[in-house]
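For chain A, the structure is supplied; the task is to place chain B on it using the hints.
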Amino acid sequence: VIVKEGAGESVTGPMAKRGIKRFMKKKIPLSFTVNGEEVELYISPNRTLLEVLREELELTGTKEGCGEGVCGSCTVLCDGVPVRSCLTLAMEVDRHDITTVEGLGEQGEPDPLQQSFIDHGAVQCRQGTAEEKSGTGRGRNSPGDKWKYMQVHRLHKDC
Amino acid sequence: VIIPEFEYVAPGDLQEALDCLASHGEEAVVLAGGTDLLVRLKQRLLKPRFVVSLKNLRGLEGIHKKDGVIVLGAMTPLVEVLESETVGKYLPALKQAVEKIGAPSIQHFRGTIGGNLCLDTRCLFYNQSQFWRSGRTPCHKDSGKTCYAEENSDRCRSANQSDGACALMALGCDVVLASTGGQRVLPVGEFFTGKGESPFSIEPGELVVELRVPEPGEGAGSSFQKITQRSAIDFALVSAAVSLRVQGGRFGGVRISVGGAGAAPLFLKEASATLVGKPIDDNRSIDATSGLARKHASAFMVENLGSSLEYRQKMVHVLVRRGIKEAVAMATGCCG
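Protein chains in written order, with our numbering: chain A, 5 to 163; chain B, 695 to 1030.
Hint data in this document are derived by calculation from the structure and do not stem from the laboratory.
The structure presented is a predicted model; accordingly, all values stated were derived computationally and were not measured.
Careful: at least some of the hints might be erroneous.
[Unchecked claim] With a cut-off of at most 27 Å between alpha-carbon atoms, the simulated DSSO-like pairs for lysine-lysine come out as follows:
#1 B/K972 <-> B/K989
#2 B/K963 <-> B/K989
#3 A/K67 <-> B/K989
#4 B/K1008 <-> B/K1019
#5 A/K31 <-> A/K67
#6 A/K67 <-> B/K749
#7 A/K31 <-> B/K749
#8 A/K67 <-> B/K741
#9 B/K1008 <-> B/K839
#10 B/K759 <-> B/K989
#11 B/K759 <-> B/K749
#12 B/K989 <-> B/K1019
#13 B/K839 <-> B/K889
#14 A/K31 <-> B/K741
#15 B/K989 <-> B/K783
#16 B/K889 <-> B/K989
#17 A/K31 <-> B/K736
#18 B/K1008 <-> B/K989
[What the hints assert, rightly or not] Chain B residues, not near chain A, derived (Cβ > 10 Å throughout):
#19 E699
#20 K749
#21 K760
#22 G866
#23 R1016
Using N, Cα and C, we set each Cβ at its ideal position, and we do this for glycine too.
Chain A extracted, bound-state conformation:
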């Protein structure tokens, strides 16, 4: 369990009497699972999942591309379904299960999709390989990190 301490604490007030959780301090607690590992940390509520993954947890395999949900570079799996981590507030995944590209495959034992990428030399290329095979090659026009995007995509579709 990774625990990152912060200065946050919940504050009681008229809202709390009615059972509404409200946090006055800047940082609030967040706990979720990343690649099978439980994580507890304190964050500002305005951080996106992408920022928390990259900056707090140092899982830099997830990239920021456009930052507005178009390119798909930041895709991660949340409870097994792909979401844009740049358009997801970290607080929204509280108690959920996140898989990033670091969670795919083992050293020397790549995920089937990673192997397929190696076989086809698909570095940043969107043609061919997995995406077309999975029959969902529609509207993909990301300039950047297609590599991870498709892994995550395929993981959802086929595995």
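This is chain B only, laid out in the frame that chain A set:
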């Protein structure tokens, strides 16, 4: 881009959420799926003090049919609308519209149908980064007094580009709004104000909780058509939805709506009425109706989306005609 600071509130049930909205009113924004809200926060189009997350409001999810009305919870994820047999069978236009929102495999898991209905109006000169907008005086939508889309316009001319809203307008749904004072039901036509600055008649403290779509009767068909620059993850340059019934080889109960034109999805009453009673294979009437739709929708359109005005106006004609033909094919069972 870092999101501005706010206080995060996650109410546990609907009552708490309404209490929270009642006490924070205009300072709060509601976070459903967040696929559009977060972009707006990043662009500093919104600077709320409170963000009220609806993630715990499971009661607002789900689709069921009751007494001839199809009820969609506002927090129903788009993917659930797509997979719903009820929607697929009775509301093909809604299914087609939802299919075309954002990216098929990604945002559908976070985006919600209520969130899509409440998609704020958009404009090429408003939905830009803070830096981009800082170079010019604020427009009407930005609480200023200028309009960049149309010279000397005294009001905001932004367009409603929501696909779900356009389809729901043609299908004629009711929107249920809840507040601490109780519920009220608005026909979808009254849910939209038509004003670019404040496009919805949602009072502070109110929350969209349910959409009620009447079940179309026998021989009904509907269709949604959309034109975008990219095939996915794009807002409609212009869109059209048609819902109709075929009775004895003739049109009945026609509702045509056009999105991406005015600040609300336009329900074209007169154009719809001209088609009623005409035989379904009367191509001349279909063409005339589409022409009228183009004429009426053109009055609301300005040069404010990513394509030329003339093209978008022409496409109204094309999309309405395609929509009518596809809805007829569905109603008569030609394409299952």
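Do the hints match the structure? See the list:
1. Taking the CA atoms of B/K972 and B/K989, the gap is about 20 Å. The hint holds against a cut of 27 Å.
2. Of the supplied pair hints, the one linking B/K963 and B/K989 holds, its CA atoms being roughly 13 Å apart against a limit of 27 Å.
3. Among the hinted pairs, A/K67 with B/K989 is inconsistent with the structure: their alpha-carbon atoms are about 46 Å apart, more than 27 Å.
4. For a cut-off of 27 Å, the pair hint linking B/K1008 to B/K1019 stands: about 17 Å separates their Cα positions.
5. As the CA atoms of A/K31 and A/K67 are separated by approximately 24 Å, the hinted pair is consistent with the 27 Å bound.
6. Taking the CA atoms of A/K67 and B/K749, the gap is about 25 Å. The hint holds against a cut of 27 Å.
7. The hinted pair formed by A/K31 and B/K749 meets the criterion: a straight-line CA distance of about 19 Å does not exceed 27 Å.
8. Distance hint between A/K67 and B/K741 is fulfilled; the C-alpha atoms sit about 26 Å from each other, no more than 27 Å.
9. Taking the CA atoms of B/K1008 and B/K839, the gap is about 31 Å. The hint is violated against a cut of 27 Å.
10. For the hint pairing B/K759 with B/K989, the CA-to-CA distance comes to about 37 Å; that exceeds 27 Å, so the pair is violated.
11. For the hint pairing B/K759 with B/K749, the CA-to-CA distance comes to about 24 Å; that is within 27 Å, so the pair holds.
12. Between B/K989 and B/K1019 the CA atoms are separated by roughly 19 Å; this keeps the pair inside 27 Å, and the hint holds.
13. Proposed proximity of B/K839 and B/K889 is supported: the alpha carbons are some 15 Å apart, at most 27 Å.
14. At most 27 Å may separate the alpha-carbon atoms for a hinted pair to count; A/K31 and B/K741 meet this at roughly 19 Å.
15. The hinted pair formed by B/K989 and B/K783 fails the criterion: a straight-line CA distance of about 32 Å is larger than 27 Å.
16. At roughly 20 Å between alpha-carbon atoms, B/K889 and B/K989 fall within 27 Å of each other, so this suggested pair holds.
17. Distance check on the hinted pair: A/K31 and B/K736 sit about 19 Å apart at the alpha-carbon level, within 27 Å; holds.
18. Using a Cα cut-off of 27 Å, the hinted pair B/K1008 and B/K989 holds, with the two alpha carbons roughly 9 Å apart.
19. For B/E699, the shortest C-beta to C-beta distance to chain A comes to about 5 Å, within the 10 Å cut-off, and the non-interface label is violated.
20. Distance check on B/K749: its Cβ comes as close as 6 Å (rounded) to a Cβ of chain A, failing to clear the 10 Å threshold; non-interface status is violated.
21. The beta carbon of B/K760 sits about 29 Å from the closest Cβ of chain A, which is more than 10 Å, so the claim that it is off the interface holds.
22. Its beta-carbon lying about 30 Å from the closest one in chain A, B/G866 satisfies the requirement of being farther than 10 Å from that chain.
23. Every beta carbon of chain A lies more than 10 Å from that of B/R1016, the smallest distance being close to 20 Å; the non-interface claim holds.
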